[in-house]
Structures are given as structure tokens and as C-alpha cells.
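With the hints as extra help, turn the sequences into a complete structure.
2 protein chains.
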Amino acid sequence: MTGYSDLAERLRARGARAVALQFPAGLKRKAGVIAQFLKEQGFEVIVSGDPCYGACDLARETLGYADVLVHFGHTPLGDPDPRVIFEPYRVDFDPEILKNAIPCLKATRVGLVTTAQHLHLLDAMKTVLAAIGVEAVTTRGTRGCGEGQVLGCSFGAARVIGTEEILYVGTGVFHPLGVQLATGLRVVALDPFTGEVQEVNAEKFLRRRHALIEKARSADQFGLLVSTKTGQERYEMARGMAARCSRAILILMREISPEELVNLGFPAYVNFACPRLAYDDQVRFPAPVLTPQEFSILLGECLFSDYRIDELT
Amino acid sequence: MTGYSDLAERLRARGARAVALQFPAGLKRKAGVIAQFLKEQGFEVIVSGDPCYGACDLARETLGYADVLVHFGHTPLGDPDPRVIFEPYRVDFDPEILKNAIPCLKATRVGLVTTAQHLHLLDAMKTVLAAIGVEAVTTRGTRGCGEGQVLGCSFGAARVIGTEEILYVGTGVFHPLGVQLATGLRVVALDPFTGEVQEVNAEKFLRRRHALIEKARSADQFGLLVSTKTGQERYEMARGMAARCSRAILILMREISPEELVNLGFPAYVNFACPRLAYDDQVRFPAPVLTPQEFSILLGECLFSDYRIDELT
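Protein sequence lines, in the order shown, are assigned to chains A and B.
Residue numbering for the first sequence follows my numbering, beginning at -5 and increasing consecutively.
Residue numbering for the second sequence follows my numbering, beginning at -5 and increasing consecutively.
Source of the hints: derived by calculation from the structure; they are not laboratory data.
Here the structure is a predicted model, which is why all the values come from computation and not from measurement.
Hints are not guaranteed to be accurate.
Not close to chain B: a few residues of chain A, all C-beta gaps over 10 Å, as computed [said to hold, decoys possible]:
#1 Y(-2)
#2 R23
#3 T56
#4 Y83
#5 D86
#6 F87
#7 I91
#8 G140
#9 E159
#10 G166
#11 A196
#12 R241
#13 C296
The calculated label-pair distances, taken between Cβ atoms and stated as ranges, are [claimed, not checked]:
#14 B:V167 x A:E193: 27 to 37 Å
#15 B:R278 x A:T188: 33 to 43 Å
#16 A:D300 x B:R4: 44 to 54 Å
#17 A:E55 x B:G140: 29 to 39 Å
#18 A:Q192 x B:D61: 47 to 57 Å
#19 B:R278 x A:P280: 13 to 23 Å
Backbone N, C-alpha and C define an ideal beta-carbon position, used for all residues, glycine too.
As C-alpha cells, then:
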């Protein structure tokens, strides 16, 4: 546990006596070991056991029982509570893997974006690209993001970059899809672990979302799902839409789960919480779950041709 | 929706403008219809979509967006918030069904207990029993319970009744088991829908709990699960036990779910939230989940021969 001695030092330096710990699902297994270490170091420890998917979901209630909250695995959002310590979680890969992207790139000047766990490799990635004649440009993201960093709900570091092509380095398909839809640019995605490279094509995604809006059109009632999580609150936006649509009912939920949507039994929902819920979890939901803009399209307030990826700002 | 005109009247009478609604799982399907009715009556409406299993789990956060919370299906606990309206949910049956219990009763004077949804039939049940020579005795329960009412976490209406035999009228096996373990008396359970009658035998239950304590004994760490729900908070009790056991780590959770216990990966847990979680949901949990008293037995602070059913007071 020498890796956490430094954390214990910092906690002592700020005079913390009771410490709350919060982990995203993938790091939760570390809770027992870190909690035990801090307890043996003389701290009173309480772990937040609730699900957590981002810095938008700070364990306020758990912090209520402690002096400090240590939030693992995410970078701070906006203007964070000074009682929260953000502990990064770095995931390494060999930057040479970026050479795999070359055959797929068309420009010699590209925007470069990645996710929080790879940010420490940003300069190394640029160096590899420069050595083969590609200038990689980065800019600071929105929603508290660092240089070159995108979130699943915020693609600002791609939008304002001033290139015609973007290289996304990271896993999964959602982030590069979001970058493509947020910027309208050509986006190449590189998985730094498998080395796989692909150009993003949003067409299938857009067709699916279009079909979902049409399916929701016949619903006689819409549940507008509002979250209370620290960085996901779009209550006023939802309230405005509920006032404009007589068939819309506000629903407040902490965790938006398929089970509870089944229990509520609404024929369609609109998601004002984490944008990725509507996109990633649709297959698990019992009814269409639209984004706020998709609901606006359904209500005739805007056109599908102006489709935007849902982002939190 | 004439059935809810009266509710709208009462809401207007207390000057409510924004109304929060909360339902247990079984009644959640009514949310859409009731919310729509109240919205058409001119109220701003917000539904709590989170899971709810009792009046111990008031939707405080949803109430934060409204003037009044209407909580359906449960009776108030203790000293309730004056901004909460409790709307009972009555479930009828034919009181004549109580005659089914006669062959199984040994005494001519029995204690009578039931659950919230059948309380309105208490006098009718007594009358049926009296007509066949059985005096049914009731007393007011603990934890805000009415005359003859037990909860899954509170059996006071059975404990102080002064008879040697108890008749439980209701569904399920947990409540009569709790009554038996809380009182040590002979308990007869009658399901008022199927008419089935049985004498409660807690032996198998106790054997299972004993085996679970033994299984947990080898754990190198215990997660002490604390809930933040309005009527389930036993933080100080958990904190005291965490201080007495170096292997115990406090974990705060809103919903104690099998998935999150898997993610946390502790080899054993102790449940300070709703007592029924440890009993009813053990089969769904990945590791032993003990009651606080069972953990005391494991720590050698008390004996299994003094086993008590876990209750909230």
C-alpha cells in the first residue's frame, strides 16, 4: 500500500480526520484495501457504495459523514467543492501505437483528443505523430476538461480545435461518435490497446435515433427523467418542457434503471440526466428514452436535420 | 379519476402549488394517471422514480422540488414531516375467511396482528372470531404502527399483547416469522386470499442464519452497510461496531443491491439498513449479509442462544 502513503500524507496535511472514499465501478474492488490502509493510518473511513460513473456524481451524502471526499478515477468538473480530492487513474499504452492511425488519416494537421486516463500520454502521442509528419493540435476542453480531453457528455476539446480531421485515441465507439456529431468533421478512432483504427460513421446511429423518435410519437404520455446528481441536474430545462407539453410528467430519479422504468410503465421517456443513458442503455430500457433535443424534434420545435449530440455544459 | 378529486381538494386546501408523488413498487403504475390528473387540476407535479419499500424511505430530494409530498401505500412512521401526506392503500378480503384459522388455534384468547393494507378490517375480523368463541386482543404497535399493525421491521403490536398465541392475518412468511422470533409465542399465520393456515416454525430459519454467521467467520473484512434513508439510519450503531472491529469498514449506500455488493467485493457484509434486506435478499447477495446482532455473535459479544429478529425502533 505504499502507493497510498502519499494520499495519507496529503489527508493529514489538510487536517482530515474522517475520510469518505468514492470509486467508479471498475475501481470499486480497490475500496476494501484502500479503506483498510487509511483506517490503520488512524483515519475514520466511510466508503460510498452507490454506483458512480463520473465526477458529475459526487458522493455528497457520504461526504456529509466526513471531512474530505477522495474521488477516484475522474477529473474535476467545473468548479469543484474544495472538500473533494480527485485521484486520477492513469492507464498506460505504448504511444508508438499511434503509427497505426497514419494510413487512415487524410490531413497532415489533425486535432487530437483522448479520455482522462490517457491524458498523461498526450505529449508522447504528439511526438510520435510529429516524427511521421503529422502535426497534432489540441485545445482545452469544456466542462472542466484538460487539454485534449473529451468526456462522454462533453466534446468541446474537439469542437474548437480548428482542423478538418480529428484523431480520437481511446476505447469504445461512443466518444468518437460524439466527437463526429459534435463537430461534423471527419473522425478517426484508434483503440490504443488493440491498435484497431476506424473512421467514424454516424449514419446508422442517426437512423436508429430517428426510428426511436418516430416510435415515441404515438406515446400518450412522456416521463421526463431528471437526476439529482451533482453535475447532471437539468431540472429547469425539464420543467420548461413539461410546461410546454401537457402529456409530459416530471420524474426525479437518482439512478435511472430499466427496472424502475418498467415499474413506472410510461410509454416513452426523455432523459435529462447523463446523456449517455439515452444512447448507451436504450437496449436495456423498456420504452424509447429520448434526448431533450429529440423530444423537441418530436414536438415540432426543431428539425431532425439539425440533430445534435446531447451534451452537458 | 374521481377517486383522486378528494386528494386535489386537500392539496388545494393546504395551499399546495407544486406536488411530489411517491409510490411503492406495486403501486408505481398509478403514477402516470394520478400525475396527469393533478397536472390537469393545475398543480405542478413531480414523481419520485426511485425504488421505495416503506415510509422509512421518504422522497426527501423530490420534496425539495415541491410544497407537499404525497406518499402512497404506507402509514406514517414516528413523527412525520408535516409536508408529507400519507395516502393509505386498502386491500379488502372477506373477514369470514378467519374461520379457517380455528382448527389451528389452541387458545380461546389470541393476539391478532395484520399489515397496513388490511387494518381497516380489524374490527370485522374480531367480530368473526368472537362469533365462534375466540377473543381477539390487539394493541398499538411500535414505530408509529396503528392498533394490531406490524411492519417487516417492527413487531411491537405482537410483543406486548399479553396472550400466549398470536394470529397473523396477511400474506408472506416473513412477518409471522418475525412475530414468532420477536415474541417467542406460538404463531398461526392465515393468508386471507388463499385461506391457507400454518403454524410458524422458525427452526429452519435459525439454522440458516447460524450457518451464515459461521460462513462469515472466516472473512478477513466486513463491509458495514449504512443507508441514508429517512427511517433506516443506524449510522451511530454501525460506527460503534466499526470502531470495535479492526476488519470492519463503513459503507454508505442508498440502495443496497447485489450488483454493488459484487462490485465492492467484500467477503462479508453487515446490514444496518432495512432489516429485511439481510433476511429476504440473502439469496440474491454474493456474500453473507449479517444483521448487527449476528455480527455481535460473530465477534463473541453475545450468544446465538439469545438470537433476536432485527428490528428498527
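Evaluation of the provided hints:
Every beta carbon of chain B lies more than 10 Å from that of Y(-2) (chain A), the smallest distance being close to 15 Å; the non-interface claim holds. With a minimum CB-CB distance of about 5 Å to chain B, R23 (chain A) fails to clear the 10 Å threshold, and the non-interface call is violated. With a least beta-carbon separation of about 5 Å from chain B, T56 (chain A) fails to lie farther than 10 Å from that chain, contradicting its non-interface assignment. Under the 10 Å C-beta cut-off, the non-interface status given to Y83 (chain A) relative to chain B holds; the minimum distance is some 15 Å.
Listed as a non-interface residue, D86 (chain A) keeps its Cβ farther than 10 Å from every Cβ of chain B; the least gap is roughly 24 Å. The claim that F87 (chain A) is not at the interface with chain B holds, since no C-beta of that chain comes within 10 Å of its own (minimum 25 Å). The claim that I91 (chain A) is not at the interface with chain B holds, since no C-beta of that chain comes within 10 Å of its own (minimum 30 Å). For G140 (chain A), the non-interface assignment is confirmed: its Cβ lies about 27 Å from the closest Cβ of chain B, beyond the 10 Å cut-off.
The beta carbon of E159 (chain A) sits about 39 Å from the closest Cβ of chain B, which is more than 10 Å, so the claim that it is off the interface holds. No beta-carbon of chain B comes within 10 Å of the beta-carbon of G166 (chain A); the shortest separation is about 20 Å. For A196 (chain A), the requirement that its beta carbon stay farther than 10 Å from each beta carbon of chain B is met, with the minimum near 31 Å. Distance check for R241 (chain A) against chain B: the nearest CB is about 8 Å away, which does not clear 10 Å, and the non-interface claim fails.
C296 (chain A), annotated as away from the interface, keeps every beta carbon of chain B farther than 10 Å; the closest lies near 24 Å. Between V167 (chain B) and E193 (chain A) the beta carbons are some 60 Å apart, a value that contradicts the proposed interval 27 to 37 Å. Range check, R278 (chain B) to T188 (chain A): Cβ separation about 35 Å, and the 33 to 43 Å hint holds. The hint said 44 to 54 Å for the Cβ distance between D300 (chain A) and R4 (chain B), and at roughly 45 Å that hint holds.
Against the hinted window of 29 to 39 Å, the Cβ-Cβ separation of E55 (chain A) and G140 (chain B) comes to about 31 Å, which satisfies the hint. For the pair Q192 (chain A) and D61 (chain B), the supplied restraint of 47 to 57 Å holds, since their beta-carbon distance comes to about 53 Å. At roughly 21 Å, the beta carbons of R278 (chain B) and P280 (chain A) sit within the given window of 13 to 23 Å.
Hint check: violations occur at hints 2, 3, 12 and 14; the rest are consistent with the structure.
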